[in-house]
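Generate coordinates for the entire structure from the input sequences, incorporating the hints supplied.
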Amino acid sequence: MSRYIATAAIRGANRIVKEAEDLLQKTIQELGPDTPVQFTNTAYYLPVILGFTGIEVSKVGDLSPVLEIAKSLLHPEPGEHLWLPYLGETLDCGVATLLAEEAIEGLRFARGEQPEPIPGLQLTGTSFTSPDEGGEGNGGYANGPIDDIQLRSWGIQLVDGRMPGFAAIVGAAKSNEAAVQIVRELQQRNILIFLSGNVNGRSIIHQLMEEGVEMGYDTYIVPFGTDTISAIYALGFATRAALAFGGLKGGQIREILLYNKYRTFAFVLALGEVDDLKYATAAGAISYGFPAIADTVIPQILPTGITSYEHVISMPFDDIEGKDDSEKAKRLVQRCLEVRGVKVKITEVPIPVPYGSAFEGERVRRADMRVEFGGKNSRAFEYLKMSPMDEVEDGKIEVIGPGFEDVEVGGYMDLGIVVEVAGRKMQEDFEPVLERQIHYFINGASGIQHIGQRDIAWIRISKAAADKGFNLEHFGKILHARFHADFGTIVDKVQVTIITEPELYAQWLEKAREAYDFRNKRLAEMTDESVDTFYSCVLCQSFAPDHVCVISPERLGLCGAYNWLDCKASHQINPTGPNQPIVKGECVDPVKGYFTGVNEYAKQASHGTVEQVAMYSIMENPMTACGCFECIMMLIPEANGFMIVSREDPSMTPAGMTFSTLAGMAGGGLQTPGVMGIGKYYLTSKKFISAEGGFKRVVWMSSFLKESLAEELKAVCEREGDPDLLDKIADERVATTVEELLPFLEEKGHPALTMPPLF
Amino acid sequence: MAKERSIDPAACEILEVTESEGISTAFSRAEAMKPCPIGSKGACCKLCAMGPCRLTKEGQTGICGATIETVAARNFARMVAAGSSAHSDHGRDMALTLLAAARGEAPDYEIRDEKKLLEVAQLLGVQTQGRETMEIAEEVAEVALAQFGQQQGEIIYLQRAPKKRQEIWRKLGIAPRGIDREVVDIMHRTHAGNDQWYESLLMASLRTALADGWGGSMLSTDITDILFGSPVPLVARSNMGALSEDEVNIIVHGHEPVLSEMILVAVNDPEMIEYAKSKGAKGINLGGICCTANETLMRQGVPTIGNFLSQELAITTGAIELMVVDIQCIMQALAPLSKQFHTILVTTSPKAHIEGATHVEFDEHHALEIAKKIVKMGIDNFANRGKTRIPGKVNHLIAGFSHEYINYALGGFYRGSFRPLNDAVIQGRLRGVAGVVGCNNARTCHDYAHEYIVRELIKNDVLVVMTGCGAIACSKYGLLSPEAAELAGPGLREICEAVGIPPVLHLGSCVDNTRILTVLSQMATEGGLGEDIADIPGVGFAPEWMSEKAISIGCYFVASGVYTIFGSESPVGNSPVVDRFISEGWEERVGGKLEFIPDPQEAVRKALEHIDKKRAALGLVEYDPTRFGQSGDRLMRQFIEAMEAGLPVSPYSAKIPDPSKK
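From first to last, the protein sequence lines stand for chains F and Y. To convert a position in the first sequence, counted from 1, into this note's numbering, add 23. To convert a position in the second sequence, counted from 1, into this note's numbering, add 30.
None of these hints come from the bench; they were simulated from the model. A few of these clues could be false.
What the hints assert, rightly or not - A short, non-exhaustive set of chain F residues, derived as facing chain Y with CB atoms under 8 Å:
1) L114
2) T327
3) I329
Claimed, not checked - With a Cα cut of at most 20 Å, we get these calculated SDA-like pairs of lysine to any residue:
4) Y/K145 / F/I92
5) Y/K685 / F/E296
6) F/K486 / F/V430
7) Y/K685 / F/G345
8) F/K534 / F/S410
9) F/K399 / F/A529
10) F/K346 / Y/N425
11) F/K94 / Y/F443
12) F/K346 / Y/S680
13) F/K399 / F/H462
14) F/K353 / Y/Y682
15) F/K82 / F/G274
16) F/K82 / F/P59
17) F/K346 / Y/A684
18) Y/K33 / Y/N425
19) Y/K312 / Y/D299
20) Y/K685 / F/D342
21) F/K408 / F/F541
22) Y/K309 / Y/E277
23) F/K284 / Y/S447
24) Y/K423 / F/L105
25) Y/K145 / F/S95
26) F/K500 / F/P373
Stated by the list, open to error - Covered stretches of chain F (in silico footprint by chain Y; criterion: 3 or more residues with CB under 8 Å from a CB of chain Y, positions within the stretch not fixed):
27) 95-109
28) 267-280
29) 316-322
30) 340-349
This structure is a prediction, so every number in the text was calculated from the model and none was measured. Just so you know, even glycine gets a beta-carbon here, dropped at the ideal spot from N, CA and C.
In structure tokens form, the structure reads like this:
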């Protein structure tokens with residue numbers, strides 16, 4: 024601390040705790056103590072309060088003891104002379120501030136005052152299949168707290184380092200130009216951007232709206248609200264990350280704080296004047312190990328310890344070197360990353376638009392579109408093949424056929440992208456693994472949207488990108504740069520051919536389809552019996568220290584991001600990395616899926632937490648989960664079967680819990696028989712809970728799964744000898760309780776009802 | 031003349047009076063009597079009736095054949111034993127008080143720090159689950175008392191030390207078996223015709239010192255915290271200016287808080303205050319001298335009137351109605367001196383009678399009653415006060431640091447740890463840490479060495495912790511105030527500004543040196559500074575030591591791995607072999623060494639050299655103060671001043687326009 028900051032923060036803390044108390048009293052009087060208090064879609068109550076105190080706030084009255092704790096943490100301001108030490112006291116006041124702020128937001132939810140209305144603000148959602156869906160009409164509000172669903176869907180990126188952390192931006196930038204550049208710089212590094220606060224009523228949220236910057240989960244820019252209090256949602260996010268992935272429980276606050284210090288690369292960026300409440304909130308953030316950087320003159324706190332590097336940095340914006348606000352903003356962000364020790368590898372992609380995973384979620388709406396390939400009116404395919412070394416010329420990018428210059432604005436054309444790679448360590452099996460990356464790589468360009476894969480790819484280029492000079496050749500530039508950067512250990516040469524010339528297009532499409540077909544068959548042949556080696560995935564141990572995934576050809580990782588081939592390729596790329604081969608050893612029980620090698624590995628890699636793993640059972644030694652699972656399966660004893668709820672489904676389930684609540688039981692690297700986190704494609708595997716009788720045991724599943732896996736599940740039902748099985752499985756539209764579920768199953772004659780009892 | 035005897039202006043003012051009026055003080059007696067040149071170097075053996083033998087020539091032996099080495103080492107060992115016994119016996123009294131309080135036999139005492147009780151209980155292996163506080167306290171006291179009489183094994187508190195340190199003790203066979211046993215061991219060992227090898231004598235001395243530092247003293251600190259509360263920082267006054275012209279001045283002097291805490295309760299009793307008023311005083315003013323002062327200063331902010339060499343001077347002010355003393359460091363001269371003034375000298379300990387003083391025996395079972403009786407005596411004496419000459423000098427300090435509070439200060443309730451302290455040392459913001467402790471000594475200029483050494487250390491970015499009379503000394507020169515950060519080097523100043531602490535931290539009385547051991551242990555286990563206390567870039571000082579307790583303290587620091595520098599000539603100077611052994615010999619074996627360096631400048635130089643050596647051994651960056659000093663409020667203050675002066679400043683720029691161009 025500095026005495027100046029300590030004084031301001033302690034003053035701010037005393038004031039906000041008082042404000043929270045007043046609002047609590049007012050709300051108790053107006054609405055009564057039993058009025059529910061909750062954030063949207065979270066199993067963690069008010070997460071900061073849960074983390075610090077273990078108190079599960081669910082109604083207004085529950086906040087009284089919380090504010091008592093907050094009050095007990097308050098201290099007087101240090102004196103002008105002969106002051107008493109203030110660091111510990113200020114940090115405690117910071118915590119009091121956080122408790123008060125979250126209490127206030129909780130009360131505002133109870134009062135219907137959150138999320139904050141911001142007229143004109145449109146947020147991009149997450150799950151959509153067409154860029155033209157949704158959009159207008161449902162905007163006008165700040166995001167408010169991030170829900171568990173989004174937290175978990177970001178989980179894998181947070182743990183594998185693609186998403187290094189978050190920047191909690193509070194206030195308003197000196198200029199709109201600076202505001203845009205700051206978020207662009209962060210986006211390029213895939214750092215989540217949380218926005219809150221204002222300076223004299225003006226917030227960075229307003230600045231970005233004025234500049235037409237797309238905000239929402241998909242672009243990694245989450246506007247919490249225009250007051251400082253809403254910054255509490257950033258710390259709620261951090262707390263929940265520790266609870267969801269770290270296997271920690273409410274009240275284990277020291278562990279939660281240290282978890283964040285060591286694993287979440289977050290920082291506070293205070294833009295514009297810093298007032299008492301901002302100092303107080305930043306003091307709270309410091310307990311999490313998150314430093315604060317200001318673009319104005321404030322006292323610096325450079326000694327380290329609570330945070331890994333400096334605690335508070337002042338970088339007055341006008342004093343930053345740079346010819347314009349953009350350049351200054353770049354340097355400011357650079358300094359932020361240094362202070363938090365964020366190491367981000369940026370791949371230089373030589374294209375005329377910004378590039379980074381944060382742009383993966385950007386939509387290009389029809390109105391903003393320059394041209395599209397694929398979709399309703401045209402076709403696009405992408406095909407990656409391995410070629411002999413001497414047939415591939417590295418860096419060669421050829422566009423065969425016309426560009427889109429002559430296509431009318433908003434028009435379409437056919438496009439083929441053929442990537443030829445060569446490398447000493449390259450294997451044919453890796454072709455599909457690499458090919459799937461094309462989606463992510465192309466999507467990373469700002470103003471370019473990529474959906475689908477293979478011959479159902481659908482690519483759009485926005486007018487803005489085209490205006491900046493983006494052309495077809497740049498697809499090649501992107502792929503060349505990224506394959507080298509990300510897969511350099513297995514790929515030595517990359518050559519890209521972009522085909523629009525109709526005849527050649529047809530020829531290559533034919534070749535591509537042959538290859539897709541071949542791969543499908545190859546994949547279908549690949550069974551757990553056909554290989555000697557499974558792979559581990561301990562990527563998530565950075566977040567969930569005792570969890571270990573065992574990935575076999577017939578059981579992919581629970582996050583859905585890693586199948587057996589991915590792991591094999593990943594192991595080639597990084598032999599000492601998170602994916603290690605597990606020699607299966609002896610198969611002790613083929614039905615439940617016990618292998619001596621798997622058990623040995625799991626015991627060692629889970630640090631003794633897990634003794635045995637049954638690869639194909641949920642009832643006996645099920646595989647553990649980190650927290651990034653796509654779906655959760657859970658036993659419904661009354662139905663003699665299981666339900667499967669997907670991450671996308673916020674509804675109540677017959678288990679009496681939503682996905683978010685269930686997630687707390689399924690995650691954290693612990694074995695809980697009857698509960699399991701899984702990847703959705705595991706549903707289609709022949710080995711899907713074969714110990715319990717396979718897919719016929721599924722009595723309920725989210726309609727999202729039924730629809731998004733319609734084709735695949737149909738095939739599964741046929742394979743299981745019950746082609747109408749899918750219709751016999753209930754979903755949230757027909758049953759959200761066991762009472763509703765059972766009559767439905769009876770009526771449909773679901774096979775689970777007559778199967779042997781589960782226990 | 032006065033200025034050569036003390037750097038304390040208040041002391042000088044009084045010394046001028048004593049000199050002009052011919053009042054005898056330790057200062058004047060030191061002038062009149064030089065130290066015995068034979069005894070001071072450890073050359074005199076008076077252990078049997080064949081002697082005393084004076085060994086002044088090389089190769090000379092005593093009647094029994096004892097060599098110069100043996101005699102020097104034996105004398106030294108006996109100093110350690112005496113010091114260790116004093117501290118430990120103090121600890122025993124604390125444990126007995128806790129026992130009495132727990133059993134309800136000392137109703138005036140209570141458990142003020144329950145959290146600490148539970149921590150200590152855990153360390154001592156006392157069950158806490160489902161038990162009443164007093165039940166736990168009783169067993170804690172019993173287990174503590176058993177540590178004194180324990181005959182075999184190891185004392186429990188050794189477990190607080192870093193693992194590596196414990197192993198060193200075990201390997202060398204110097205892990206104390208029981209607190210009292212080690213004192214007896216030395217007394218026996220040094221009896222005529224027994225241990226006659228200096229190495230063995232000196233290693234045994236370390237064991238006896240450890241029984242003090244990691245035994246009696248450490249128990250004393252912990253139990254005192256349990257009974258009277260663990261200190262937290264507070265503002266207090268120091269020096270004779272804190273005496274009152276119009277109130278009854280009562281001074282507590284000595285070492286144990288058992289008495290002084292009760293006196294404090296008594297002087298705050300409204301009935302007593304009324305009584306004082308009825309006697310024409312405006313109230314009752316309590317002050318402290320020596321370590322009793324430190325005990326009440328640390329916990330209640332009772333002003334400290336002075337340190338060891340101020341005890342006579344305080345009486346000479348003519349303003350003290352009553353001085354009540356308990357144990358240790360109380361000069362016999364007080365009795366005749368007090369007769370020259372109206373001051374009543376009250377002795378209270380059955381272990382510390384002084385001829386001519388009024389003895390009111392203290393008994394913790396009737397503590398408050400006795401305390402009130404004593405205070406009343408003081409009040410009754412107010413009427414006898416004559417002319418006073420209270421020096422106006424008064425300074426302020428922040429007292430009340432403990433290892434628990436330091437841990438809190440560096441991270442708050444939820445993130446408290448020693449990490450920021452270790453980080454600071456690792457990065458070189460702090461060059462190192464130093465403990466400066468100990469007495470005053472009339473043979474050297476009062477307070478000079480304390481003040482000089484501490485000022486130099488902080489200037490060189492060494493964080494200083496202090497206890498005892500040394501702490502009182504430096505408090506008188508403002509070094510224990512947060513503003514003293516301005517006197518510190520740039521790195522230390524940054525730490526002070528970040529935490530809000532003074533560059534010099536007051537950790538309590540001399541028995542509380544164990545807090546320093548705990549701080550060092552926590553630093554070692556926090557990580558990044560090696561695995562042992564001996565790895566930490568730190569030093570210990572006792573610049574103005576005089577008592578045998580100081581020697582014991584020095585030895586337990588050495589045995590814990592600390593380079594410890596004492597002022598004055600070596601008490602084993604007669605034997606270069608022994609002198610070398612307590613330095614190089616001990617360093618080889620335990621990592622710490624003891625050296626006597628009379629010149630404070632030389633002492634600081636060697637200390638910094640040692641700190642840099644330890645930094646290098648850890649592979650830490652070389653100390654370079656120019657890299658630091660960029661944090662803090664200075665720039666912000668300039669900015670605000672410019673803004674208030676109406677200069678065109680912008681929050682987006684730290685560049686402050688030239689006022690002339692306004």
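Which numbered hints fail: As far as the earlier hints go, only 10 is violated by this structure.
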